Structures are given as structure tokens and as C-alpha cells.
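Participant: Listed in order, the protein sequences are those of chains A and B.
If you read the first sequence in this note's numbering, its first letter stands for residue 4, the second for the next number, and so on.
If you read the second sequence in this note's numbering, its first letter stands for residue 444, the second for the next number, and so on.
Quick caveat, the hints were computed from the structure, so don't treat them as lab data.
Being a predicted model, the structure only gives us computed values, none of them experimental.
C-beta: ideal position from N, C-alpha, C; glycine also.
Just so you know, not all the hints are guaranteed correct.
Claimed, not checked - Selected chain B positions facing chain A (in silico; Cβ < 10 Å):
(1) L454
(2) V494
(3) A552
(4) Q560
To be verified - Heads up, simulated PhoX-like pairs for lysine-lysine below, C-alpha to C-alpha not over 25 Å straight-line:
(5) K456/B to K501/B
(6) K578/B to K34/A
(7) K501/B to K34/A
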Amino acid sequence: MQQTFSYEAREQTLIIHLPKELDHHNCRNLKYETDLLLAENYINRIVFDFSRTEFMDSSGIGILLNRYKQMTANGGKVVLCGVNAQVRRILTIGGISRLIESYENREAAVVG
Amino acid sequence: MERFRMEIESLSKNEELARVVTAVFMSRLDPTLEELDDVKTAVSEAVTNAVIHGYQEKEGIIYMELQAENRQLTVLVRDLGVGIPDVKKAMEPMYTTDLSGERSGMGFAFMEAFMDQVQVESEPGQGTLVTMRKKIGR
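Here chain A stands alone, though its shape is the one from the complex:
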């Protein structure tokens, strides 16, 4: 069974390691899992780590936008890292690039 998301907390930052294919199928559990983690921990920054991700469609845009709304409503931040060319085009066409900052690597994204 292919693992979809894995989560890593560093102080008040939650790093979400995204799967190889970020589609509707693989996004199904993200809302439930992140809602649980955000309820139980004080998190003011989410880093979406795309290092492993080779494909994303509009399902990915949906989950990013929702986390962005959730976090900014409480003064928090959402950032991205490790984005490849296909994902970057989807982010641009989906209007995400204007809203959410993207960093070259994970460490830079965590520090900000």
C-alpha cells in the first residue's frame, strides 16, 4: 500500500510530505488528518513539501486553498517547497502562486 501523506511537526510548524500523485484519490484523508493535527497542536505554519510529487491536478489546488483559508483566518501561514515544473504550472493556472510562497527546499520553507 502506497503511503499518501506523512506529517512532521517542528515546534509550531507542521510539514506535510505530499504523495507522488496528488489527485482526488490521494487527497481523501488529508482534511480529516490535518484538522485533527491542527486541533491537537498549536501550529502557525504549514509547509507543503512537494519533493516527492510528480503529478498534481485541481484536487491539489482545493486542498491548498482550504488550508490557506484555515491558516490565514488565524494569523498563520502556508508555504510550499520542492515544486517541480508540472506542479508549478498547475499552481500558476490555479492562481495559487499569487497567494502562497514557494521555497526551493524544505529548510528554507521552515525558516521562512
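Given the coordinates of chain A, work out where chain B should sit on it, guided by the hints.
Facilitator: Okay, now just chain B, sitting in the frame of chain A:
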């Protein structure tokens, strides 16, 4: 014309299968990596729509047909699900019937962004047929 047909169960795990099969069929047209990604994204959107909206995440069969003629790729995705009452409205960017907030409402906008032509035929209760065309290797 070269033609390939398949029927898949309306299951979210088949979204990836549909993308991969399309990419393999399409490879005979010698596409660029970008063209491959474009078509895979559009197919993913159409099949996801069939799973979520057409069949409301319940049982059903999705009918796919791929055609290649000269450098023209045609992808047909058909479901026999609930259909769309107002196709024009459904195709507006950001329009979604989803209440969870997890769906962006950009499925059709992505199909249109990545393919040369997208045609949607639908009637309530009659299912939906999405026909997409793209010229490969321009």
C-alpha cells in the same frame, strides 16, 4: 485512425489508471513531456468529475475512448450518472457543488487550459460525455 476503448469502475483509485493508460496510448504521437502532463491533467479532471459528480462516489462504469489520427488526440470520457443540469454554470471557474470546501471547482477550467477543445454534453439523469481534443507535437 487508431482507437482504444476501456471501461473502468467508478473508483477514485482508477483516476491514476486512466492517466497512465492515456499517457501510454498518447506516447505513439511522440508528445513532449509538457503535452503528456497537459493531457494527463485533463483526463484526471474528467475522470474525477465522473467519480465525484456523475456517480456521486457510488457504483458505476466510466467509458473512455482514445483516438489518434495524424497528430490529433481525442479523449472521450463518458459516465451514465446524474448528469449536469446547467453545463455552462458547471464550467465556470470556481463553481462547485461540493460543501466540504476541499474541491476547487477548477476541473473544467483545467481541461480547457490544457486541451485545445473541450465539449461537454449532459442531461440530468442521462450522464455526461466530455470530449477533449489536442494537437500533439506542433
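Participant: For the hint on A552/B, does the least C-beta distance to chain A fall short of 10 Å?
Facilitator: holds (8 Å)
Participant: Take a quick look at whether K456/B and K501/B sit within 25 Å of each other, Cα to Cα.
Facilitator: Since the Cα atoms of K456/B and K501/B sit roughly 13 Å apart, the hinted pair holds (cutoff 25 Å).
Participant: Does L454/B pass the interface hint, meaning its C-beta sits closer than 10 Å to a C-beta of chain A?
Facilitator: L454/B check passes; min Cβ-Cβ to chain A is 8 Å, inside 10 Å.
Participant: Hint check: is the beta carbon of Q560/B less than 10 Å from a beta carbon of chain A?
Facilitator: violated (17 Å)
Participant: For the hint on V494/B, just tell me whether its beta-carbon gets within less than 10 Å of chain A.
Facilitator: This interface hint holds because 7 Å falls under the 10 Å limit.
Participant: Is the straight-line distance between the alpha-carbon of K578/B and that of K34/A 25 Å or less?
Facilitator: Violated - the C-alpha atoms of K34/A and K578/B are around 37 Å apart, more than 25 Å.
Participant: Hey, K501/B versus K34/A, does the alpha-carbon distance stay inside 25 Å?
Facilitator: OK: K501/B and K34/A at ~21 Å, within 25 Å.
When each numbered hint is compared with the structure, violations occur for hints 4 and 6.
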